[in-house]
Structures are given as structure tokens and as C-alpha cells.
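Respectively, the protein sequence lines represent chains S and X.
Residues in the first sequence are numbered consecutively from 0, following numbering that gives the first Met the number 0.
Residues in the second sequence are numbered consecutively from 0, following numbering that gives the first Met the number 0.
To be clear, the hints were calculated from the coordinates, so they are not data collected in a lab.
There could be a bad hint or two in this list.
BS3-like mimics (lysine-lysine), calculated; alpha carbons at most 30 Å apart, straight line [claimed, not checked]:
1. S/K121 <-> S/K150
2. S/K312 <-> X/K189
3. S/K91 <-> X/K13
4. S/K357 <-> S/K378
5. X/K189 <-> S/K150
6. S/K94 <-> X/K13
Part of the chain S face toward chain X, derived, beta carbon under 7 Å [claimed, not checked]:
7. R143
8. G144
9. L147
10. E151
11. R154
12. I155
13. E157
14. Q158
15. R161
16. G169
17. V171
18. V173
19. W179
All C-beta atoms, glycine included, are put in the ideal place defined by N, C-alpha and C.
Below, each chain spelled out in residue letters.
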Amino acid sequence: MKIQRLRLQDFRNIRACDLAPEDGINILCGENGQGKTNLVEAIYLLANLSSFRAFSNRKLIRHGAPAARIHGVMRTGATEKELAVELMPASKTVKVNGKGVARGVDFFGEAAVTLFSPETVKMVRGAPELRRRFLDTALSRVDRGYLLDLKEYRRILEQRNRLLRMVREGRVSVAALHPWTTQLAERGGRILHGRCRYLSELSAVAVEIFQQLHHKESSLRIVYRAALPRSLMAGIPVESLDTAALKARLVDGLAQSERLEIQAGATRLGPHLDDLLLEVADRAARDFSSQGEGRLLALSLALGEARLFERLKGDRPVLLLDDVGSELDRRHQGLLCEQLPDFGQVFLTTSERSVCEKIPAPKALFDVTDGEIALVMGKQK
Amino acid sequence: MEASSLQRVIEELKRLPGIGTKTAQRLAFFIMKMPTEQALGLSRAIEELKEKIRFCSVCGNLSESECCDICSNPNRNPRLICVVQEAMDVMAIEKTGQFRGRYHVLHGALSPIDAIGPDELNIKTLMQRIQQEPIEEIILATNPTIEGEATAMYLAQLVPSRSSCTVSRIAHGIPVGGHLEYADEVTLAKAMEGRRRL
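This is chain X alone, in the form it adopts within the complex (with noise of 0.2 Å):
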């Protein structure tokens, strides 16, 4: 059997995360016998994904338009920064509904083994908004990894301490509606640590 067209479709498949040669190939038979209007919607809908989106020039978050929704939205705290790694992060926190300060999107951890240093992060616009932005709170929201650990702390040591801006670090511990028998010995040492009174 060999069809071309097919096999590059698998191909580029792969490339996506978690997505082996077996996944590959069941995914493009099913693609091949979509209704062409189906088809051609998901070509248009990732053609139009990378035309429109881009970075908000403010925080890095995705954005159609040159700043995003939340940037530009005059209802959001602008007192209050939330630094995530990803954009991923940002859907996340939105999801929660209670936050209503406004983001700053890293697009990664200090990682030098994988040649990631503050350069490679989106940290000097961060710094340019502490000194633009009245900004009273800094909430550090990486993950809490090695690498996003030590991305915290870097960034805890650069803002200015005569600045008016409080740095805080978001909780870790036992998730919620989970069971301490099932947390691991670190989480649960992390949420002894983090124990606060009643």
C-alpha cells in the first residue's frame, strides 16, 4: 500500500505530543473518512489558528489582537499580577473564576540544562510593567518543580525591594477533595510545612 498523501498526513501527525506511529495512523484513516466539509474545517480551523493568534505584547498571554482580553479588560485589578509559566496556566486559573488581577505568561522555566536562562524567558517586560504598572502584588504561579521553583526565586530576588510591590508564592499541598493516604511523601511534607492556623 503505498499512498503518499496519507503517509505524510501520519507524519505530521507524530510530530505532535503523545501521539505514537500506531495513534498516527488511526488518526488519518479517520481524517481520510471524514465528510470533506469536516475535513477541510479542521485544515481552515489550524490554518486561521496560525494566522490570528499571537502573544499580547503586555503579558505574552495568546491573543488575536495586539493586547489581550484580559489586558485590555478595564474590570481587572491591574494591582495584581499572577506570573505563570504557560498560556496554558492562564486558561487554567481563568477557569476558576476568582482571580480578577491580571497575568504575566513566561512561556517557560529556568532550565539550564535545556540552554534556558532569564534571556529566553519573557522576563524583561515583566520587570518594565513592576516599574510602569502600579502593580502591589506579584503572585509567583510556576510550577511547583525544581525548574519552576528555582524560576520563582529568581524572580523574587529581582524586584526592586525599595519597590511597594509584595512578592508571594501560590500554596502547594494536599488537593482538594483528595486524601492524604493517597498524597505523596513530599506533597504531604509541603502541606505540613504550609499549615496555617484556624
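Next up, chain S with everything else stripped away, as it sits in the complex (with noise of 0.2 Å):
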């Protein structure tokens, strides 16, 4: 997928924009400060409906404006398409060639982004919950019925929660709580099982990657790490289970800590707890004490991402860099600047000119200052 021309209005610092980038490499360049990550982040929020940095409409919606308007037109192939988003302080409306959408499902996966920031760093050391959340959306994009399920296990899971704790408070029998146990485990085992497949295809791709822009040989592993009851599964790998055999482990599972989970008042196994453990060289990439490293891998994970959707859905996601220059070195820099025309549509935000002469051409730069986007070098509209 292509983004052909992006249409800006009252977005963040950005009164109002109209480009047409190019097909390859788009390079954003400003101060900081300058609107560069805000060109970004209307791109990503053209394809996820929501921004990868803040929770509420106002502060997307420029300062006195009553509304922020996004307008893409993108090509796959030979189709083209219309997106607009319109930010309302309270509300949003969504339009696919003109045509309200109702259900912000149905928008989901209507454009193919992939972004990496400096927050998808934070994955490497940060919480579980961030690499739970950087699979959970990877999947989303290119299984729907993964989304879903995703959807209606939170659903499941803030149900029997409830539950657990009015059985505590004895106001309930537990025998109530056999149905959402076991909708809880048939979802789990459906979203389990897509996690391993996924996770086993990314990280081929994610290590590749990885070995190519660190230059050297060095072993990058990636396991899933599910929260169930090792008496459960007998050193049998999760990977190596189906969808039916995890969930009557999830059954097991939920059944054995059932006393628990009542006192506790909350669900103690199952996806929402898992985690990956990232492995460089036998040792925990949590435990890095090189920065550097950690960046390679989480910049790996992200193109490893761009790269499966192109295998899985046979369309090249456009990729958003935003300020990838400042989280590597220059080695890095120049090395990852030559794997670039690889993928397809790229939009880069720098700091720094001279990234711009390590790139290879077809190009278009763009200078942004104080919300002002201004072609620098590139095709004209």
C-alpha cells in the first residue's frame, strides 16, 4: 500500500498540509519540536484509529480548532481508496470513500501501517504488557478473527473477574462460574495458538534482520512464554500444541487455581499474562546493558513485522520511522539505510540532513518547521 496524497487540517501543530509523497522513501526533517512525529502519528491513526501516543481527541485537535481532520488517498495495486478521520473532542467519525463506517472493526486493517518509535524501544525492557500489545496488534493486522477473539477474551475476562469476586463475597455460587471459564479457555486457546504460529514466522524474519544490521553473526531468540502451570504442560513446548489441547490445559489451568482466583478476585493464568522473552546471545534482552543492542532488536521486530504482512497478506505496509537515527549510531544508520528500498513506502523523521545522502534514491524531502510542511526535493503535486 501506497499513501498517494495526505491531507492535513487543524492536527496537532499542523494548521493544514497537503503532499504527495513519494512511492519509496519520504524523509521528514525538522527541528524537534517542529511537528515531524505529527506527521506520523496522523498516518498511524489513519490506519489504527487511534495514536500510538495519546489517549484523548483535544490533544490531537490544534489548539482552538473544533475539529482535526485526516484525508488519505492510498493505492494497492491498481485500487485506490479514500480514508478520512474526523476528530471531534468527544467523538470520531470514519469514512471509507465517502461512506460512514460504524464499527471501528471494520476500518481496522483498511490501511496497512507499521511503525517503529522510539516508545517500541521501551518493549525491550519495559513491561510484558508492551510486547503483549506489539504482538497483539502485529496479529490483529493480519487476522481478523485474532482481533476478535482478542475482543471478546477482555470482554470474558472483566466478566469472570467481576464474578470471582462476588463469589468471594458469597453473593454467588461457584458453579457460575463454569460458562465464563470456559468461553474464557476457548478463546484463550484460539489466541494462544495464533500467537505461537505468528510468533514462530516473525521471528525468521525479525533474526534475519537482525543479523543484517548488526552486521555479525549473533543469535537472536524469540520464545513465548505462557502463564500456565508447568505441572500442565510436561516440558511440551506451548508452540507444539493445537487450539483444542491448549484449551483444555486452559481448562486445567483455571480449574487447579480456582481456590486462588477467588481470594485474589481476578483470572491468574491465561494470554493476558504471557510474555516473550527475548533472547540475544543466550542472555535476556531485558538484562541488556547495551542500549544499543536493544534498539537493533526492537527496530528488527518492527521491519520483521512489515515484512510478514507482506508474506501473509501480499501488500507492502507502509512504515513509519520516527526518529530512528537518534536511537542508533551511524554504522547502524548507514546499514539499515541501505535495507530500506526493500520495503515499500518509507516515512522517516530525522533531525539530521545528512541522513538524507545515505539514502538511496527514489526520494522526496521534507522540511518541517513550526507545523509548516514544505517540499524540499521530490515530485512536485
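Put the two chains together into one complex, using the hints given.
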């Protein structure tokens, strides 16, 4: 997928802009705080309907304006489509080819976008939730059934946790848990299976990219850590089990921990508690001494996601690289730039113009100053 | 413009589901311009509805007497009970004209986060009916949502296994006259799961 044209109105500090990005690499250059990331955020929002760094619409609307608008013309092969998002303080409207879309789930997947930002790097050392979120987002983009399972799983979990507290208070009998436990395990089994299958493919791609970027042989390993009792797994790796077997283990595990769960008023096992173990040269990435290696790892996962999307969906996603320069040293910047032409359309933000010279054509260079975006080099509209 | 009686109608209409301020205003103005007879007819119909309609003491369906038309109809099959969430669902199934058994209306579905547990639903009378009536099959026709599904599973485990009563669940899948390509993934997967031999 390529963005043919992008128009913004009153989005963050950008009053108005109308761009015709290059099919290859687009460089957004400017000092910090001028609006480069805002542009990347707008593209991300067009694909995901939520921002990666703001929770309220109010922050996304330019101060004093009633609403923010993002309008993109996207092309996949010979097909063009128009996506439009209008953000108001307490609501948003979404349109595909001028027609309103009622449910967010129906819009998700209309645009294919992969993001790497300084936030992505936090996944390496941060809380397990960040790694789960990365995996869930990536997987939801290629598998809509997964997204629906995940939404239902969260709802069942919320219901079950509330019920556990009601059982603890003696307001309902333990028997009332059964229907929720069964449904939780059913969705949970599918989610676990989906994650393991996706992860085995992702890790193959990410390992390859990691080695290219690192420019030396170093073993990267990504392992899925399921929060299932060891006694139930009996040494069997979680990825070798099918959906039904995973469901059965979740049912057994939940039955075993029922008493503790009632005490705690919370569900204590299932995909909502799982983690990814990232290992470089047999060392857990969480404990890395080198920040640089962690950054390369996060970048490899993001680029791997883009590659895998292309393999699974037959379409190259738009790649957003926010402030990737400051995350890498010069040598690794160079190695990344060599790789970039293998990805589809790329938007790269940087505060150093010199990055531009390292990148092979075709490319466009935009200058971002105080919310104004000007084409410096590249095709005109 | 200060017309408090008009404002009151607008506020009352806004309580209705799916009615916002704009629609409430339009409806209120429409009612104001209606011939007096018609407008009073509406208000009397609402009054009568509240006075006369109550829940059937047997099945929980809407009724104008102690026992609803379906429960008191001797031509309905007493061996078959269809369990639904709302009285509206009874109307929907009745429109098909295919089901000749009786109903049981739960008035909702299990939902702990809304504080709706088994005691909040019309389940006790259902259990009494299973013991007292010659029921052979209970068809669980709650909605195919998480909450409806949980309610069906809960009811299924409540029916004593020694009883001669079987429990079934209505099928889910592709709507008749619908196209496969328009069905969402979950519906399609369910339809695949529930396939049957021809």
C-alpha cells in the first residue's frame, strides 16, 4: 500500500498540509518539536484509529480549532481508496470512500501501516504488557478473527473477574463461574495458538533482519512464555499444541487455581498474562547492558512485522520510522539505509539532514518547521 | 422561547433509547401539531399499556392476564420450551409460525459487570416448570453474544441430568438469503463448526 496524497487540517500543530508523498522513501526533516512526529502520528491514526501517544482526541486537535481532519488517498496495486478520519473532542467519524463506517473493527485493516518509534524500543526492557501489545497489534493486522477473539476474551475476562469477586463475597455460587471459564479457555486457546504460530514466523524474519543490521553473527531467539502451570505442560513446548489441547490445558489450569482466583478476585492465568522472552546470544534482552542492541532488536521486530505482513497479505505496508536516527549510531544508520529500499513506502523523521544523503533514490525530502511542511526535494503534486 | 410543557415532553422523549435532543425536539413539535384526538390517543395508549400489561406468571412473557395467550393455549405443545432473553424475542419467533411449543422469558442475560446474576433472571420459575411440567426438550435461544452464551451454558448445567429432559441450543451461522462474502469471520467459523451432513 502506498499513500498517494495526504491532507491534514488542524491536527496537533499542523494547521493545514497537503502532500503527495514519494512511492519510495520520504524524509521528514526538522528540529525537535516542529511537527515531524505529528505527521507520522496522523498516518498511524489513519490505519489504527488511535494514536500511539495520546489517549484523548482533545490533544490531537489544534488549539482553538473545533476538529482535526486526516484525509488520505491510498493505493494498493491498481485500486485506490480514500480514508478520512475526523476527530472531535468527544467523538470521531470515519469514512471509507466517502461512506461512513459504524464500527471501528470494520475499519481496522483498511490501511496497512507499521510503526517504529522510540516507544517501540521500550518494549525490549519494559513491562510484559508492552510486548503483548506489540504482538496483539501485529497479529490483529493480519488476522481479523484474532482481533475479534481478543476483544471477546477481554470482555469475558472482565466479566469473570467481577464474578470471582462476587463469589468471594458469597453473593453467587462457584458453579456460576463455569460458563465464563469455558468461554475464556475457548478464546484463550485460539489466541495462544494464533500467537505461537505468528511468533514462529515473525522470529524467523526478525532474526534475519537483526543479523543484517547488526552485521555480525549473533543469535536472536524469541520464545513465547505462557502463564500455564508447569505440571500441565510436562515439558511440552506451548507452540507444539493445537487449539483444542491449549483450551484443555487452560480449563485444567483454571480449575486448579480456582480457589486462589476467588481469593484474589482475578483470573491468574491465560494469554493476558503471557510474555515474550527476547534473547540475544543466550542473554535475556531485558538485562542488556547495551542500549544499542536493544534498539536494534526493537527495530528488527518492527521491520520483521512489516516483512511478515507482506508475506501473509501480499501487500507491503507503509513503514513509519520515527526518530530512528537518534536511536542508532552512524554505522547502524548506514546499514538500515541500505535495507530501506526493500520495504515499500517509508516515512522517516530525522533532525539531521545528512541522513538524507545515505538513502538511495527514489526519495522526497520535506522540511518541517513550526507545523508547516514544505517540499524541498522530490516530485510536485 | 420558554414553553415548559413542551420542554417537558422533550425531556421525557429523550429517555427513550436511540432518541437524542434533536430527534426529541422534532417528535415533540410533531406531537404539538397533531390533531388533539390523535395526541390524546397516544397518551391513552401508553396509559393503557402500563395499566394492563404485566408478565405471565408461568413463562414471564408479556400478558394482559395472569397467564399469557401462549401458555393458556391448549394447542401449544407442552413438551417443548424455548428459552429466550426478552419478550421481544418471543414476538420474533412467533412471526416464523414454525414453533408450536411454549416459551420461557429470562428478562436478560447473565452479566456480572452489570450485577446481573442468576437471581436477577427469571430462572427459578424455569426450574419449577422443569419439575412440574411434562417437558421433554428445552431449546436455549439466548443471543449468540458472550453474555447470551454464558447464560445458555449456565442453564444447561442446571437441568438435572437424571431428568428425561434434553437441552439443545439454536444454530448460529450464515443468515438465510445472505452471501458468504458478507459474513464476518466469527460467524463463518461458527457456521463451519455447525455444519451438517446432507
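Now for the hints, and whether the structure bears them out:
For the suggested pair S/K121 and S/K150, the alpha carbons sit about 24 Å apart, so the restraint of at most 30 Å is met. Among the hinted pairs, S/K312 with X/K189 is consistent with the structure: their alpha-carbon atoms are about 23 Å apart, no more than 30 Å. Of the supplied pair hints, the one linking S/K91 and X/K13 holds, its CA atoms being roughly 23 Å apart against a limit of 30 Å. Distance restraint check for S/K357 and S/K378: the Cα-Cα separation of roughly 19 Å lies within the 30 Å cut-off, and the hinted pair is therefore satisfied.
A C-alpha spacing of about 17 Å is found between X/K189 and S/K150, which places the hinted pair at or below 30 Å, so the restraint holds. Of the pairs offered as hints, the one joining S/K94 and X/K13 holds, with about 28 Å between alpha carbons and a cut-off of 30 Å not exceeded. Nearest Cβ of chain X to the Cβ of S/R143: about 5 Å, under the 7 Å cut. The hint holds. Satisfaction of the interface hint for S/G144 is found here, the shortest Cβ-Cβ separation to chain X being roughly 4 Å, below the 7 Å cut-off.
The beta carbon of S/L147 is positioned within 7 Å of a beta carbon in chain X (closest approach about 5 Å), and the interface hint is therefore held. Hint status for S/E151: holds, given a least beta-carbon distance of 6 Å to chain X, under 7 Å. At about 6 Å, the closest approach between the beta carbon of S/R154 and any beta carbon in chain X falls short of 7 Å, and the interface hint on this residue holds. At a threshold of 7 Å, the smallest CB-CB gap from S/I155 to chain X is about 6 Å, leaving the interface hint in force.
Restraint check, S/E157 versus chain X: the minimum CB separation of about 6 Å is within 7 Å; hint holds. At its closest, the beta carbon of S/Q158 sits 5 Å from a beta carbon of chain X; the interface hint therefore holds under the 7 Å criterion. With a least beta-carbon distance of about 4 Å to chain X, the hint placing S/R161 at the interface is held under the 7 Å criterion. Given the 7 Å rule on beta carbons, the hint for S/G169 is violated: about 12 Å separates it from the nearest Cβ of chain X.
At about 5 Å, the closest approach between the beta carbon of S/V171 and any beta carbon in chain X falls short of 7 Å, and the interface hint on this residue holds. Because the beta carbon of S/V173 sits about 12 Å from the nearest beta carbon in chain X, more than 7 Å, this interface hint is broken. Hint status for S/W179 relative to chain X: holds, with the closest Cβ pair at about 6 Å, below 7 Å.
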